[in-house]
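Engineer: Sequence lines, in order, name chains C and L.
Mapped onto the numbering used here, the consecutive letters of the first sequence carry residue numbers 3 to 321.
Mapped onto the numbering used here, the consecutive letters of the second sequence carry residue numbers 3 to 321.
These are calculated hints, taken from the structure and not from any lab test.
Take these hints with a grain of salt, some might be off.
Chain copies aren't distinguished; within one or between two, either way the pair holds.
As the list claims (entries may be wrong) - Keeping only pairs whose Cα atoms sit at most 25 Å apart, straight-line, the calculated SDA-like set for lysine to any residue is:
# : residue 1 : residue 2
1 : 92        : 16
2 : 92        : 75
3 : 92        : 308
4 : 92        : 314
5 : 92        : 14
Since this is a predicted model, take the numbers as computed values, not measurements.
Number of protein chains: 2
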Amino acid sequence: GDEASAAAATVRQQNLTKPPGSLGRLEEVAIWLARWQRREIPRLDQVTIAVFAGNHGIAERGVSAFPSEVTAQMVANFAAGGAAINQIAKLAGAELRVEPLELARPTRDFTMAPAMDGADFLVAFDTGWRTVPEQCDLLVVGEMGIANTTVAATLCAALMGGRGARWAGRGTGVDDAGLLRKRTTIDTALKIHRNLLDDPLAVAVALGGRELAAIAGAVLAARARSIPVLLDGFVATSAVLPLARLAPGGLAHCRAGHVSAELGHRELLRELALAPLLDLEMRLGEASGAGIAILLLRAALACHGGMATFAEAGVSGAG
Amino acid sequence: GDEASAAAATVRQQNLTKPPGSLGRLEEVAIWLARWQRREIPRLDQVTIAVFAGNHGIAERGVSAFPSEVTAQMVANFAAGGAAINQIAKLAGAELRVEPLELARPTRDFTMAPAMDGADFLVAFDTGWRTVPEQCDLLVVGEMGIANTTVAATLCAALMGGRGARWAGRGTGVDDAGLLRKRTTIDTALKIHRNLLDDPLAVAVALGGRELAAIAGAVLAARARSIPVLLDGFVATSAVLPLARLAPGGLAHCRAGHVSAELGHRELLRELALAPLLDLEMRLGEASGAGIAILLLRAALACHGGMATFAEAGVSGAG
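So that you can see chain C by itself, here it is in the shape it has in the complex:
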């Protein structure tokens, strides 16, 4: 990030016709955008929402309320413009890029073997990296993948501690029996892979998924190009947990678009020191929560760039 741009944006905020600090998070995100866009007055002309889709071997264990076919069906729905994220992207003035990742070849069931090998992971990571445009004012990352809240919960358990009972949530809406299967799946995976739990990259490969690897690749590409990032929900956030473990400060260009209703997301965000912009009890994924948060960034920049200063407006300052 560029501290000079952030400092200039901070000074600008202090002169606008409002009590200092009274726009709260809107001030903070305007300055954050200035820092990473390297300009005092940031813009959101080119916003890219990247949604990565993957399938998971553990879906066979009955951990989701929906069958695996839904991943590809929802990718078709994205293409046809019928999903929530299509409506949100249009409203928020963002370009939607959907990247299905070998949906016909799910990862392996990680209760029995590593979900991926290094080559699988790198192909997905590279797809994510290449999805980020060279020129982009903001990247928003999200995902679609039946069974992937179990993947996210397993990553959190592996890297933050605790077992299935701490991290398994209802996802798209599993019943009590399904929730028990999620917990057991996570606990079994932790046991099978116990020798690699101190290696964040090995965890991302063996207990992750292709769409999560792609998110990690996209977020790292954004960092390389100084593009600010909005993270979506539990799964998207868990995908960057290994990055945070590998490089402290590695998520400074990211903000959490929202905190979802999925068990574990709030705790994961706290661990990553990411304060969510929205808390709307959403739990849909597909970048929907972070997509809505784009609107808040637009509001922040409308104020940052459009308001009069005390001097311009002839308004008295604090006495």
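Could you slot chain L onto chain C? The hints should help.
Structural biologist: For chain L alone, kept in the frame of chain C given last:
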């Protein structure tokens, strides 16, 4: 409200291509808008933001960081398009109506006399009522008035109990000495007017302000016309507390646009059973928080009206 429209909107939400309930508050507000607009698919073609401005006798007691002249200066800033709410209204596609209420004639200092008499109150209430258009899809109410967080805190103390220490916050940013003056002002007012604290309307007259009376009038006009309302921050919410006391259920057509950083707002919202849509640590007033929440309603309706159903998209339901 119209329960048939709400029920139709609820059924519609259940058929859209997402796990039931996964859009969280967005589903709730779409159904709320359907109930009050009396249509299955609500719209936001005509959105009015009404900002009422007033001056207060208690400003003389040093309860604000800013001088009283700022109220009129900010009204001029609204007219010139330089304030935060101007930028937000434009972004949110809303019409901004600003109503200054006899700024040259502040209310009386309510530590010594009633702030208003019945006639003062009714004139302001009527101005608020007449500000609401006959045809309107959504009303957003906010305010501007130096010293009015002290008014709001006094109303809360009078109607909910507790003294100045419980309700006085930093407002636009008073220092410790100013905060102490706020507390003392509130405590004195409670003592002077102790005989009328069980009469919500008398409290609104004697301890309120013109811009608060206007907000009450506008919110009641909206109810009469079945127009849904977004409330802004601590002051705007305190203005409708007397209405809630006079008529249980009288705020069913209202939602809280946000919870502000001002001490007391969260507790006031809890009392009124209003769950805020946003929590951005804002404390600016002038309808800025609720104005941003319009964007969330637009997102809710974009999904409600634009998403494909499971049948249309050929997506499998929960197993």
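Engineer: Compare the structure with each hint and give your call.
Structural biologist: Okay, the hints, checked on the actual structure:
1. Taking the closest pair of Cα atoms, residue 92 and residue 16 come within 25 Å of each other only across two copies (22 Å); inside a single copy the shortest separation is 33 Å, beyond that limit.
2. In this assembly of identical chains, the alpha carbons of residue 92 and residue 75 lie at most 25 Å apart only when taken from the same copy (21 Å versus 38 Å across copies).
3. Proximity of residue 92 to residue 308 under the C-alpha cut-off of 25 Å is found in both arrangements, the shortest distances being 23 Å within a copy and 11 Å between copies.
4. When the C-alpha separation of residue 92 and residue 314 is checked against a cutoff of 25 Å, the pair qualifies only between copies, where the shortest distance is 20 Å, while the shortest distance within a copy is 35 Å.
5. In this assembly of identical chains, the alpha carbons of residue 92 and residue 14 lie at most 25 Å apart only when taken from different copies (21 Å versus 30 Å within one copy).
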